[in-house]
Amino acid sequence: MSHDSTAVLSYLKEPKGLKSWLLTVDHKRIGIMYLTAIMFFFFVGGALAVVLRTELFRPERILMDADTYNQFFTLHGAIMIFLFIIPSIPAALGNFLLPLMIGAKDVAFPRLNLASWYVYVFGALFCLYSIVSGGVDTGWTFYAPYSTTTSTSVISMTLGVFILGFSSIFTGLNFIVTIHKLRMPGMTWFKMPLMVWGLYATAIIQVLATPVLAITLVLLIMERVLGIGIFDPAMGGDPVLFQHFFWFYSHPAVYIMILPGMGIISEVIATFSHRKIFGYRPIAYSSLGIAFVSFLVWGHHMFTSGQSEIAAMIFSFLTFFVGIPSGIKVFNWVATLYKGSVSLETPMIYALMFLFLFMIGGFTGIMLGALALDVHLHDTYFVVAHFHYVMMGGTVMAFLAGLHYWWPKMFGKMYSEAWAKIVAIIVFVGFNMTFFTQFILGAKGMPRRYYTYLDQYQPLHGFSSVGAWVLGLGFLIMAIYLIASFFNKRPVGANPWGGLTYEWETSSPPPQHNFLTDPVLAHGPYDYDKVSVVGEYYRSRGDKPTVAEKV
Amino acid sequence: MSSTHAGSHPKYLQHHFGTAVQQEESSKLGMWVFLLTEVLFFGGLFCAYAVFNAWYPETFVNAHKSLSWQLGAVNTIVLITSSVTIALAIRSMQLGRKKATFRLLLATVLLAAVFLVVKYFEYSHKIHLGQLPGNLYTYTGIEGTNPHIFFSVYFMLTGLHGVHVVAGIIAISWMMYRVSRDEFSAEYYTPIELTGLYWHLVDLVWIFLFPMLYLIG
Ligand code: HEM
Ligand SMILES: [Cu+2]
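Protein chains in written order, with the numbering used here: chain A, 6 to 556; chain B, 73 to 289.
Please keep in mind that the hints were generated in silico from the structure rather than gathered at the bench. Backbone N, C-alpha and C define an ideal beta-carbon position, used for all residues, glycine too. Treat the hints loosely; a few may be bogus.
Claimed, not checked - Here chain B is said to cover these stretches of chain A; the calculated rule only asks that three of the stretch's residues, wherever they fall, bring their Cβ under 8 Å from a Cβ of chain B:
id : region
1  : 185-195
2  : 225-235
As the list claims (entries may be wrong) - Not the full set, but computed from the structure, chain B residues with beta-carbon under 8 Å of chain A:
id : residue
3  : 88
4  : 109
5  : 117
6  : 205
7  : 208
8  : 217
9  : 218
Extracted from the complex, chain A is given alone in its bound form (with noise of 0.2 Å):
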């Protein structure tokens, strides 16, 4: 590209001083604060999600007691879910790339956006204060009336996850702004980039569902401070309400997490195939549609909870429904893989490993919501090993692919592609061995959320747990080459993929508006028909993706 000349500064080097960053409003540097604080709750609890694993390595205690292992795994799970998994993708990867791809030079609110970082923070410490204060036992979805009674700190971890839900819905109030009234011209809704579509979809589900969140955890809080009786079946109040508000939001919270994580795979799907996209028509739509359903079927987490039996008829009935546009995209994916010339780079093998995961996950959700095998199957490991399917072997794995992808764009630097293959295998195999053991678990009838099981199951507990540690192992060694990857000297340049949106078309890393001249339309963003570009990654290693040739 004509404008990546070395005289101009990257948005990371101007301006100057900590002072800059803290103040910052460029949606690059918020992205990429967004980006350093969910790495260290990654990073956080995922050593929980260690020490968990190892204290079910054998049935008799190891590591702790029964109440600090509930305490563990509620930590890990509200950790991961409010702290990690939700902002990872929109507010950390979303936030950096989303006005690059429409060609803008910023998101329509930046100050907001700067302020959503704080609200973050602020819950994040509200959070952390819980752990210190004692920990939270009542698992991540804070159950009344157990959640009312308990003696541990309840109360400032619903008030951190009630402000983190301001965080998040301020990211998707910017982000709709944006999407409507900042792109590019020239660039209609059907030119914009899938990523765009992804985060489009999961915006409208943070502004629907959040707020029903913030008033469930506000009444519950109520509740332990003044006893307002709402959720006290003693008082006359309904337990079961606070499920259904509960699940409201934490069912469309579930494609908060997967709906960008999917844009992700669209992406790299796209690029790594040199292929036009194929049905990007029904991509685009599919995200529309899964936001849509997301919010009819939020009664399959109670199917046990005592609701209406017509109730868990109908929502078992609707759920079926996910399966549509999940499995158009799927379909819409493996077709542009067909016949395309795929380069087996990092951020590709993380794509087909989600594409892998995710489907059985997928698969396991669909069982999950037939009804008659849900009473077999709820609350026990299967659950937990088809929600570790979808959002870790769904979201995470799409995150890493999005990282790996992006990462020469944030930071000007290429990591080791040798070092990153041998990862992607490690956490591939690790987590498998993790998860799929506790399908075969929890289908023979491991429960869910217990700090110790019968001795007939430890072989299969015992596998899992090594497989944790596999896993722990290739993140650590990820967090190595990617830090080693800021020492690397050679320059990316701006177009290391070869890729045909609009974040590549600016120098790497960008300048601190974006584009050094605002950018203008030229081509579809997976016009690989139309327009040969050849990365600098594989001009660098001599070859060319075959597209080069066909034009």
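Given the structure of chain A, go ahead and fit chain B with the ligands onto it with the hints provided.
Frame of chain A; chain B with the ligands shown alone:
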């Protein structure tokens, strides 16, 4: 986004917007989305109201009689009037009449304060009688199962609404300050307009609360 920012580049235009129109449209869309989240926020409580009203219908009918519909009605009128004054404030700014804008905003704030004063009397009466939420409920004169739930819902709904009134007072006062600093003109008055939208929502929520809590049965 136009690439030439040449010529008209008013002070209030932020660097990442191409034109004032784009900026204005963005702010408005943002405000509407925000109001949507507010509606959903109250929506949870409205749901709770509907559930418990269905569970304990006689209690709700009996309990609502202890609220003074007269005071509720006064407050309804006060809020509707304040919606009119803020609408007029926006109109005045569109015509470039800064003084009038300032006075109308002041009137809105005063009306909001009247609302809170009335609420204060209502609350202190309830506290005095022990008609309080959940555990704190000590009153004995209401027939039906779980009368405290009605007051839990009442205090949560009106309390949350009250918090919004306070936020409105702060926002409108901030607008008054900005009017006095001459930040607005007939060309640029979006923040006042948005504050007005917010205030209408606060009003609207009350218009739902009044019949639900004071007039049922
Ligand atoms: C290093 C990989 C991970 C391991 C070894 C791991 C392990 C565990 C274990 C042992 C439990 C307790 C299960 C139970 O007793 O019910 C658990 C629960 C949970 N995990 Fe993970 N986990 C990992 C990664 C993640 C990630 C990436 C997420 C989400 C982003 C996540 C979200 C959850 C949630 C929501 C719970 C439920 C907590 C609760 O029951 O309250 N985990 N995990
Ligand atoms: Cu669900």
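Legend entry - Hints the structure fails to honour: none
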